[in-house]
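Novice: Given next are the chains, with one letter for each unit.
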Amino acid sequence: MVRRLALALLAALATAAPATAETLVASVSSSRIEISSDFTGTTLVVFGVVERDARTVARPGGYDVVVVVRGPDEEVVARRKQRTFGIWVNRESERFPEAPSFYSVDSTRPLDEITSPEILSAHDLGLRYADFGRGPGQGNEPFRDALVRIRESAGLFAERAGTVTMLTPTFFQVGVPLPGTVPDGRFTVEISLFGDGALLAHNVADLAVEKTGFEDAVHVIAGEQPLLYGFVVVAMAIFAGWLGGVVFRRD
Amino acid sequence: MEIYLPIAETPVNVFVIFAMGGAVGFVGGLLGIGGGFLLTPLLIFSGIPAAVAVATVAPQIVASSTSGAFSYFRRKAIDFKLAGVLFATGTVGSALGAWLFDTLGRTGTLDLVISLCYMIFLGTIGAIMLWEAVRSMLRSRRGEAPALRRPGQHNWIHGLPFKIRFRRSRLYVSLLPIAVLGGGIGFLGTLLGIGGGFILVPALIYLLRVPTSIVIGTSLLQTLGTMATATVLHSVGTGTVDAVLALILMIGGVIGAQFGAQMGLKLRGEVLRGLMGLLVLTVGIRFAVELVAVPRDLFSLAVLSW
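Those protein sequences? They're chains A and B, same order as listed. At position 152 of the first sequence (counting the first as 1) the number is 152 in our numbering, and the numbers step up by one without a gap. Position in the second sequence (from 1) plus 251 gives the number in our numbering.
Note that these hints are calculated values from the structure, not bench results. A hint or two may mislead.
Not close to chain A: a few residues of chain B, all C-beta gaps over 10 angstroms, as computed [stated by the list, open to error]: (1) Asp353; (2) Arg386; (3) Arg392; (4) Leu427; (5) Ala430; (6) Val431; (7) Glu521.
Now the in silico label distances, taken between C-beta atoms and shown as ranges [what the hints assert, rightly or not]: (8) B:Ile371 - A:Ala208: 44 to 50 angstroms; (9) B:Arg416 - A:Gln82: 53 to 59 angstroms; (10) A:Arg91 - B:Val540: 19 to 25 angstroms; (11) A:Ser121 - B:Thr360: 30 to 36 angstroms; (12) A:Gln82 - B:Val540: 14 to 20 angstroms; (13) A:Glu224 - B:Lys414: 46 to 52 angstroms; (14) B:Thr533 - A:Phe231: 35 to 41 angstroms; (15) B:Ile371 - A:Gln82: 17 to 23 angstroms.
Idealized CB from N, CA, C, for every residue including glycine.
The whole structure should be built from the sequences, with the hints applied where relevant.
Specialist: Here it is as structure tokens:
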């Protein structure tokens, strides 16, 4: 987090510097997404423009944009099953203290064509380089790969190249799909502008994903008043059973 | 129609869940059981987390046993004292079960223990039921009279101390086997998401010699109480009871049970018991296969905190 703040600061300084720098102006289609009972996913539109002035150096290679949507971090444990006495049992495990609950990267081109692995891992960009609270290269690669693979197949992690489109050489747009299983909490939308392999500007927007309506009420009561919740569920069950017995009474 | 489950935190199709509740309710009504041992695995196999499935089936069992218990109550076919003793000891078992559930969940062995227990219990009980039903079917085909047990017959259980009298059941029996039975079923029910009627009913008839007319009503009342306790304990413990999922299952289950019960009146007793044994055995084998077969993914994830 501290590193990301420092990064934002650096980016701000970079944009403030005269002569060489571009400014990134970006926005998100909505800063708040509501999960209600009929929520089956939505698309978040991120768009922006690269501002140049007369003194900005020419970029014949054009610009590259990387958009990362990151959900709140959680502590995740990945476990590996091994055959023990004929049955499959969870044995080895590895903890990831800061695994994002949601992580998607959209970019104009494949990430390794945009810039170097060092820059990608320094800025948490891409499924291969993002930091989950325990960096790669510590003998935990199988577990880290499993974390990425399982979350990818659940639609919670994604890396898509070519999805950010440059409508004009300086105007970009991307639709980031958020699936029905998207977790709630405070998200960040990080937009990075690259040119000639260097990070030119960086922009962070907040995104709140909130449960609303009946589901939210159920979730909140279950979390804050579990005893009351339990009794209400039991009362509901007894009422449903009694009603069923009365409606279908045969004797 | 998709609906978002607030505790399972996943969208599901209402009609699929409703049909599952209805189908299990139908089978339950047909065989005179709650069907928790079918519904919990069905939910697990369809992708609901095991912890949510087990905890959410508890209120569904409350609903299905309530409708049954009311009808036996009107016929005065319930031994309240016996049900009370079973329930009191069941609560102790439930508390133990909920504690173990919570502990296993944190160490990542909950799914394994649930699968193992299902395999052992359902496999054993299913095989015994099927064997017994097939034998009695063969006997009746050969024209032999079934071996009747005389109600006055006593076994070793009736020699145990701390006896109390149950007037409604015309029974004078030790407290110990009742406590073991109630506690054991409370424990298993809370840990595995089963009502335990399919264990309790034969145990009351064959071990304690409770009159058959009173057994089912009493067992239903005990199940109702134990599962209500389990619901509250799971809500407070792991917080995995999903009210929305439970409600859909209940509605499906209550309706399905009515059709099942009507169908059940038309089938012969040993055929019903044979069917039930086969069903129980199948679910047990399904768990065994799951445990032994090479998993599709050796890795699994669990969120510890956020």
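Novice: Taking the hints in turn, state whether each one holds.
Specialist: The hints, checked one at a time:
1. Asp353: Holds, since 13 angstroms exceeds 10 angstroms.
2. Arg386: holds, 31 angstroms
3. Arg392: holds, 32 angstroms
4. Leu427: About 30 angstroms separates B:Leu427 from the closest Cβ of chain A, which puts it past 10 angstroms; holds.
5. Ala430: holds, 24 angstroms
6. Val431: holds, 26 angstroms
7. Glu521: holds, 24 angstroms
8. B:Ile371 - A:Ala208: 44 to 50 angstroms: Check passed, 47 angstroms falls within 44 to 50 angstroms.
9. B:Arg416 - A:Gln82: 53 to 59 angstroms: holds, 55 angstroms
10. A:Arg91 - B:Val540: 19 to 25 angstroms: holds, 21 angstroms
11. A:Ser121 - B:Thr360: 30 to 36 angstroms: Because 35 angstroms falls inside the window, the suggested range holds.
12. A:Gln82 - B:Val540: 14 to 20 angstroms: holds, 18 angstroms
13. A:Glu224 - B:Lys414: 46 to 52 angstroms: holds, 47 angstroms
14. B:Thr533 - A:Phe231: 35 to 41 angstroms: The hinted range 35 to 41 angstroms holds for B:Thr533 and A:Phe231, with Cβ atoms some 36 angstroms apart.
15. B:Ile371 - A:Gln82: 17 to 23 angstroms: holds, 21 angstroms
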